[in-house]
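Using the hints provided, position chain B relative to the given structure of chain A.
Residue numbers (my numbering), protein chains in the order written: chain A, 23 to 323; chain B, 16 to 817.
Read the hints as simulated data drawn from the structure, not as lab findings. This one's a predicted model, so the numbers in the text were calculated from it and none came from an experiment.
Simulated pairs of lysine to any residue, SDA-like, Cα-Cα distance not exceeding 25 Å:
| # | chain 1 | residue 1 | chain 2 | residue 2 |
| --- | --- | --- | --- | --- |
| 1 | B | Lys-744 | A | Val-302 |
| 2 | B | Lys-193 | A | Glu-170 |
| 3 | B | Lys-193 | A | Asn-178 |
| 4 | B | Lys-306 | B | Gly-282 |
| 5 | B | Lys-219 | A | Ser-275 |
| 6 | B | Lys-784 | A | Thr-93 |
| 7 | B | Lys-784 | A | Ala-91 |
| 8 | B | Lys-65 | B | His-736 |
| 9 | B | Lys-784 | A | Ser-92 |
| 10 | B | Lys-699 | B | Thr-669 |
| 11 | B | Lys-744 | A | Leu-94 |
| 12 | B | Lys-219 | A | Met-273 |
| 13 | B | Lys-219 | A | Glu-170 |
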Amino acid sequence: MHASFLTHARSRYLWIALALCVASITAYVWHDPGIAPNGGTWLGYTLGTIGALLIVWLMLFGVRKRSYASTLGSTLGWLSAHVYLGTALILIALLHSGFQFGWNLHTLALVLMLAVIFSGFFGVYAYLRYPTLMTRNRDSATRDAMLEEVAEIDQNALALADGIAPEIHAVVLRSIQNTRLGGGVWTQLRARDGSDLAIAKVRQAIAERATQSGGAGKPLQAGQTLVAMVDFLAGQTDDRQTEALRKLIDMLSRKRALATRVARDIQYQAVMEIWLYVHVPLSFSLLAALLGHIVVVFFYW
Amino acid sequence: MGERFTIAIVGSGPGGLSAAARAAERGTSHVLLEAEPHLSNTIYRYQKGKYVMDEPAILPLRSPIPFAAGLRETILGAWDDATARLKVNVRHGHEVSAIQRRPDGVFDIRCGNGATFEADAVVLGIGLQGNLRKLGVAGEDLPFVQYQLDDPDAYEGETIVVVGAGDAAIENAIALAKQNNVVIVNRKDEFARAKKGNEQGILKAIEDGLIECYYNAAPERVEALSAGRKPGRMILTTEKGRAQILVDRVIARLGATAPRGFVEACGVTFPSKDPASVPAISAQYESNVPKLYIVGALGGYPLIKQAMNQGYEVVETICGDVVEPADAPLLKAKFASLQGFASLEQALGQIQRSVPVLSHITPLQMREFMLDSDIRTPADGEVIFTRNDYTNSFYSIVEGEARVAIEGQAAPVVLRRGEFFGEMSLISGRRRSATVTAGPNCVLVETPRRSMNRLIASVEAVKREIDRVFIVRAIQSRFAPEASVAQLAEMAEGATLKRYKAGDIVFQEGEVGDCLHLVRVGSLTISRNIGGRDVVLTYVAAGNYVGEMALMGESRRSASARAAIATETIRLDGDAFKRLLNRIPVLKLRLQKEYKDRTAANLAMQALPGGGDIISFLMAQGAGEATDILLIDESLCVRCDNCEKACAETHGGTSRLDREAGPTYADVHVPTSCRHCEHPHCMKDCPPDALRRAPNGEVFIADNCIGCGNCERNCPYGVIHMASKPPKKPGLLQWLLLGRGPGPGEAPYDPAVKKDGQAKKAVKCDMCKDQAGGAACVRACPTGAAIRISPEEFPAYAQSRR
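Pulled out of the complex, with its shape left as it was, chain A reads as follows (with noise of 0.2 Å):
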C-alpha cells in the first residue's frame, strides 16, 4: 500500500539518522581533546569525513532519480534515506566545526549547506502539503481539459458579445487577449490572471453602455454582485440583449472560476518545483565550497 518517503519501511532512515546523531552527540561529549573542540582533532577529521561523504552521497540522488534502470535500492527509498540523513548532516558538520565560527570559507560552506538542507525543508513542506490541494483544486479534471474550456467559453462569448454590440465584442476580444495563464516565475507564484480584469472591463463597458443610452435607472456601482447588475440591465436595454447580457456575465463568470482553477494549479505545481531550483544550484555550490575548505585545511593548516 501506498507510504509517503517519512514512513517509507516503518520510518527505517529516520531511526538510522537518529542512530547517527546520538552516537555523534556521545562521542562528542566523550572526547575531551584538551583545547577547544574543533575540525583538527581525530573526532573532527571523522566527523568531517563522515560529513563530506554525506554531502556527496545525497548529491548522488539527483543521478539516481535519473538511473530509471538502477536497481539499487527504490528512489523511494533513496528519497527517505535523503530527507532523514540529510537532516542528520546538520548535527554533524555543527560538531565538526566544534562550533567555531568566523568570515572565512569553512563557515561560508556551513552556511551553504545550511541554505541547501533548509530548503530541502521547504520541498518536503511543499510535498507533503501541495498535492492533496492541487488534487481538491483540480476536481477531477486535468490542465488541459479546463484550458481547453476556458478558450471554448472565450469563443462562445466573443461570438455572443458580436451579436450585441461592437464595444461589447471589443472589450471580451481585450479581456481574452488580458487573460494570461502561466508565464514568468512571479507570474506562476503569484496566480494570478488577467480574467479578473476582464469581468471588471465588461462591468465598466456595460456602465458605459447604459449611461450613453441615457436609462432611467441609477448608474452601475463599481462591487454590485453579478445578480444585481444583471437586474440593472434588464431595466436598460431591451428583452433579447439582456438574455444575451446575463449569458455573458454567465460565462466569464464560469471562466473567471476555471481560470482562477488553473492559475492555482500552475501555482501549485510551481511551488513543489520552484525550491529545486536554489536547493540544487546551492548544493553544487556547496560542493565547490566543500572542495575549498578541504583543500584549504590541508594546505594552510
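Same frame as chain A, now just chain B:
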C-alpha cells in the same frame, strides 16, 4: 449463359489475387471478380503510407506476385505491376451476388451488375470486411453518394450529409465539419452506439452549431439535380414530416454486412453460431461444397502471406497437381523430436487418435492447430508449469503421463494419455491452480491460448468436452481434499454454467439461497444494502465460490452478488451441497471457518465509512478484470512525472502510461495504464498473435507485431499506442558535461527525427518484465505515490485508505 472459365476467383485480396496470378501463370482459364475499381480493397483502404508487415517471417512466400514488408503504396504498386505482367483476367466492378452449384457440378455466378459466369471451380477470397451497407433508397448509387471517406481534408466549402450514427460516421462528420457545412442524419434519437469520446465530440459539435443533426430521421431518396448550384438533393423522413437538403455530397457510413450470410447462401456451412467461427475447410481449403475453395481471412487465415500461399496452393489443387502446403516443412520440424512416423499426415492422425478432444476437428484445423502448437517431450520429473504462474497455454497428453500436484492434497493426480490439462487458466485467465510435472515417457502438445480459444469457438464438441472437464476439476480443486471424487460426482452432475453481463445480479440480499456459485471467469462484488445504499463489502475473483453462507447458516442471502465484469459461474445445487456437508464433517468444519473469516471481513468493511466506495470506484474503472493495476495516491503525488519518464527511458522512449489522465476518487487516482486484464481485450484480434502473457502475468507485445492497430482499438482503457522507435540518447555524463541532448527523462528534442518512414508498432506496458527491479514507474516514484496491486488486495487496500 455467361462466359465459361475453369476457375472463378471471387475477391482480389492477397489470397484471390495470388490464385488468379498463379492461374494466369499456368495458362489456366480464369476470371478474377472484384467489386471495386482497384485490387485488394482491404489493403487499398489502409491509410496512406502505412507500413505493412509480412508476418509470419518463418513462412516462405509461394506466389507469382511479390510480397515483402513495406509501404502500402509499394506493395499495391508491385501487385498492380504483377497483375498486368501476368495478364490476369481481372474484372472490376463485378460484385458477386450469388454462387450456385448446378447438379452437373458447374457453378453459376451472378454479379450485382447483371453479368453471369460459369466456372468449374470457385475460389472465395472475400475476406471478413464485408460489403459496405448502402443507403437502400432510390439514388443510392449516384456519383455524389459515397460509402467511405479517405481524406476529409480533400473537401472544402461543400454541403455534406453524413448518414449514420456509428464511430465512422461521427469521425467523418467531425473531420469534415472543419471545412464544410455538415449535416448528420441519425435514425435514432441518440448516438448510443458510438464510443464515449466520439459521442461527446458529436454532441458538442451539434451543440456548438458546427454540425446540424437530424434525429429520428431516415433518408427517403437521393436525387441528382441538373439545375442550381448543388448537384443533388436528399429527401429525409423526419418526425415532423419531410425535409429536403440540397447537397454536394452524401457520405453514408452504415457499417458492413458480414459476409457470412452470403457465404451461407452459397451452401457453405459454419460449425457454430459464434461470430468468430469460420467455415470448416479441408487441408486443400475445400469447403463442404465440392470445388468451392475458401482462402484468406474468411477461412481463418488473417495474414497476407498465408492467404497468398493458399491462393497458389488452391490453383495447383484445382489443376490436379499435388502440392505440399507451404507449412509442411514447419510442421515436419515440429515432429522431428518424435520418431517412427512415415508421413506428416500419419503423425497428425496419430495425435488426433490419441487425444479424444482433438478427434472432432478437421484435418486443416488440425494442421493449423499443430502449426501454432509445440510438441514437448519433457524428462520424467520436469516441471511443466508451476502453481501461480500466469501462463495460459493448453496441454494435451499424447503419450505417457503427467502429475498434477494440487495444494492440500498429498498424492498428485495422475493424468494419462488422451487427457488434457491447463484448461483452468485458459478459461479463467488467472494463475495456474496447480503445479504439473511430467511423468515417464511424456509427450505433450502445448497449444497457445489464441489457437485453443479459436478451436473452442469453432468446434462445439471441443467446447463441450472442455467445459465438462472444467466443472469436475473446479469442484474437485475446491472441495476435494476432504471429499472423494465419487462423493463429488453428484454435485458435478447437477452443476450448470451461468453467464452474466457486467452489473448483472447473481443473487440478491434477502432471497432464499438454494445454490452456490463457483466463479469461473470474471469477478463479482459482494454488497449489502445499508441505509438504502448499496455498500460494497468485498470483491470475489475467479476461482472462488460465493453463496455458501445461505446454505450453511442463515437460509437467506446476507448480501448481494453482482458481476463486476462479464462473468461465468458454475452453479452448484444447494441440496446436493448440503448433503455433501452432512456426509463429510471435516469439509463442513473447513467451510465454516472460511465462513467465519468472511463474516468478520465483511463486518470490518461495513464498519468503515466509505471503504467500500473505493472498491466500487475501482470496479467502475474496470479494475474487476485487472490482474495488476497501477494506482496513484494523489495526496502523495508531486506531479513530477518521474513515473512517465522512467517508463519512456526503459521502453525505447515512449511512455506507456499517462499519469495525469484518468479519474480520481478520494485521492486514489487510476492513471491510463495497462491493467493486464484476465482476458485481455487487446489479444482478441491480433493477426500475428503478438500479444502474449508472460508467466508473471505481464501482457506484452512480441516483436512480430505487424502494426495493424487492432489492439489499440480493442483496448477499452486506451493504454496501447502506435509508436516508432526514437533515436538513441546520449549517456548521463555526455548530457551533463558536454551538453549532448536530450537528457535522461527528456523527450527527444527534435521531433522531425522521429517522423521517418519507420514502421509504427503497437506499444504497451509490459510491467517491465525485462527490467531486473520490476515496474520502473513504481520504482521511480520518489514519494511512494505509485503502487501496483492486484484486485485481490482491493479490500485490504480500501481498509488501508481509511
